[in-house]
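K.L.:
One-letter residues, chain by chain:
Number of protein chains: 2
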Amino acid sequence: MANEKIPYKIYLSEEELPKQWYNVRADMKKKPAPMLNPGTGKPVTFEDLAPVFCDELVKQELNETDPYIDIPEEIQSFYRMYRPAPLVRAYCLEKALGTPAKIYYKFEGNNTSGSHKLNSAIAQAYYAKKQGLKGVTTETGAGQWGTALSMACSYFGLDCRVYMVKVSYEQKPFRREVMRTYGASVTPSPSMTTEIGKKILAEFPDTNGSLGCAISEAVEAATTNEGYRYVLGSVLSQVLLHQSVIGLETMAAMDKYGIKPDVIIGCAGGGSNLGGLISPFMGRKLRGEDDYQFIAVEPASCPSLTRGVYAYDFCDTGKVCPLQKMYTLGSGFMPSPNHAGGLRYHGMSAVLSELYDQGLMEARSAEQTSVFEAAQKFARIEGILPAPESSHAIKVAIDEALKCKETGEEKTILFGLTGTGYFDMYAYAAYNDGTMTDYIPTDEELQRSFETLPKVEG
Amino acid sequence: MANEKIPYKIYLSEEELPKQWYNVRADMKKKPAPMLNPGTGKPVTFEDLAPVFCDELVKQELNETDPYIDIPEEIQSFYRMYRPAPLVRAYCLEKALGTPAKIYYKFEGNNTSGSHKLNSAIAQAYYAKKQGLKGVTTETGAGQWGTALSMACSYFGLDCRVYMVKVSYEQKPFRREVMRTYGASVTPSPSMTTEIGKKILAEFPDTNGSLGCAISEAVEAATTNEGYRYVLGSVLSQVLLHQSVIGLETMAAMDKYGIKPDVIIGCAGGGSNLGGLISPFMGRKLRGEDDYQFIAVEPASCPSLTRGVYAYDFCDTGKVCPLQKMYTLGSGFMPSPNHAGGLRYHGMSAVLSELYDQGLMEARSAEQTSVFEAAQKFARIEGILPAPESSHAIKVAIDEALKCKETGEEKTILFGLTGTGYFDMYAYAAYNDGTMTDYIPTDEELQRSFETLPKVEG
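Quick mapping for you: the protein sequence lines, in order, are chains A and B.
Note that the first sequence covers residues 1 to 458 in this note's numbering.
Note that the second sequence covers residues 1 to 458 in this note's numbering.
Derived by calculation from the structure, the hints in this document are not laboratory data.
Worth double-checking, as some hints may not be accurate.
Any copy will do: because identical chains look the same in the list, a pair fits if it lies in one copy or spans two.
In silico lysine-lysine, DSS-like type, Cα no more than 27 Å apart, as pairs [stated by the list, open to error]:
no.	residue 1	residue 2
1	Lys-31	Lys-5
2	Lys-260	Lys-411
3	Lys-5	Lys-198
4	Lys-199	Lys-455
5	Lys-405	Lys-19
6	Lys-129	Lys-95
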């Protein structure tokens, strides 16, 4: 179909949907550093992780060699309920910008969770069910992951316990209600339901909570309740594996129409969307089959790639999880309270961190008012109200398209539109009212935060 | 492609999208009664309506003879940004119900307005722009129509002034922010910006507002501001015309796969979705080409078809609009404050009213707790969190499927899933908390409301 007129939206047929996930680690010559057991300081084993995660997911987490892993039929069935996600040609945006660039975005927001998170949630719920577990525990910040997991658990009849960062619990009652509608129990974190929660509340009774703290509570709840395991929506290599369905679909759609992206842009918090989108393209680059420019976009207020250090760090505030080598701001880092745009985790996926460290990927940061400016522009031109997270990628895609306008280059720009902003209207209201502010941590603040790093050679 | 395996979702290609709307009035032997000029009591003319509505839309409103009307290329372009809407085979729901019925739904919620309303909003905005107007005014209740119109106006660079029923303005701040993000001005109604608003506020200072009142304000604002016209999201025949795109796409998708629906179900407030979905099928029935069972589903708390009278009535509280012959509860009817599920207009589209009166369509009413029960079940099984409005159709579709389970009939059931419930979480919370109640108006209440009907022979 090469050179055929490109439609506004490319939907693959169900037969064209991926039947295997792609594991980019298999094509990396230098692999990501192994997770370390925080007690022994040695690389984690299956036995270390199995009390926390489902068995099959531990195997996926530790699997650095198999490039393709079959997607179980039950998960493919679920995917067919909301996938394929469309690959959209942004004709209207191109016209509005007056750019010779061709802009495409992969839109993952057409499902009730409102984001790509469902791709991994259903996989993790499936393996938990297969293992005969009663339920799973997790944390959620903005609520996208918690919503996705509650949908997935409802589908398989699993109990779902969500620890929601307290400030989000209070500010996003609607997200909470969606989770409850899907039968999940939602607890504001820190809570009195766990030892670590009690300890944090004793020390900081007025805390708003944080993702790191909610992770600690969810892990404790999983390991102290019979028949439960912990699941996580980003950062982990297993999550990037599941999210590769984004990139695989995108690549299949582009190949079908003979389109080759020059630049591939994704927003980056823990890395689940970016990793999923770029993995198969990165595989081609690693195998020397093709070349692309990859750009990770993160908030200037939580700049792990652009201003963090590449070191072993704790994944959670309670320091119960394995240590991971990653670009990090230190597990003690807390984004400024004025930060509305998600992507607030202190570290970055080990896979993406290693790719970035090898110079295979670039990173940029964006300030939040400029991100919302791009979001509003996009909404008005392309019709879709984007999630603040996704809007980081929009911002840089527009920047790149405007550069093409200056240089006359007809680049093909691809970005990931991870989700919709329907539950982020407080942040949009602040932007509409002109009360939104930016915040960039000072070097001194980051230096203090780096001091929370553990002393590990890696 | 008949007898091929039916995919979970059928997406037409862009070439297969409708290029003309279908006007069901052309195939009706007995036409809907004409609108009457409230001053003269005579059928309205182009000249009567042109000060209120855009010229081209008046022509469409009065056009009872042309079965097909071309969709302008600019509107087709916009449609391609969010259409085709998928026709979904509810495999999971069928399995969960254990029914031999085959269930399909046309899903109109995959766009930022969250509903089918965008189909007519973009058409009305286009004709306003083409006429060289500065902007349009409208009312909105739950906010779906206002959101759709703000998106459409933003696309064409038109000013958009929305009068939002006061109680919704206060209870749905997020809807309001979406409209503001698209550049619309949103005024709680009744307001001090119009004469009719001032009058209503003087009489009822504590009123929560109503759709009828907001319509009066929007019409006044349109007719007293140079370069403005009024637009309406339901009830009118022009709206049904634009919404026929729903039914045309559905019919094309079904024909492509050799599927014939036996029962077609839609929720009904003013009738925009139901009319759009059934129009082309009704056309076949009217022309004797095929037969279908049509079921309109309305809230038991606002039962215009099932308990109203077929008579000329005012369309708005301020009595400035033309009179329309329709099934109505009387323009003084106010749904109980506990009613959360939308579909709260006192009357029904003249086209649908006439079809119903001729016995070509059935109607049922549903109580709201049973509607939310169906909504929750559907969300958990099919993954999509439905709008309360749409859930009226879900409720009856499930009822019909369960009847098939009893009788063993393998009926093909089609219903319209008009939108998503992301902005209706207060109502879902009430259902989740068990505090939602039902309300059915008594015969005495309806009798009092019928007394607000004008004395017109029709």
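K.L.:
Against each hint, give a clear statement of whether it holds in the structure.
P.N.:
Hint-by-hint comparison with the structure:
no.: 1; hint: Lys-31 to Lys-5; in the structure: neither (41 Å within a copy, 43 Å between copies)
no.: 2; hint: Lys-260 to Lys-411; in the structure: within (9 Å within a copy, 46 Å between copies)
no.: 3; hint: Lys-5 to Lys-198; in the structure: neither (60 Å within a copy, 55 Å between copies)
no.: 4; hint: Lys-199 to Lys-455; in the structure: within (24 Å within a copy, 73 Å between copies)
no.: 5; hint: Lys-405 to Lys-19; in the structure: neither (39 Å within a copy, 34 Å between copies)
no.: 6; hint: Lys-129 to Lys-95; in the structure: between (48 Å within a copy, 19 Å between copies)
In summary, the structure is inconsistent with hints 1, 3 and 5 from the numbered list given earlier, while agreeing with the others.
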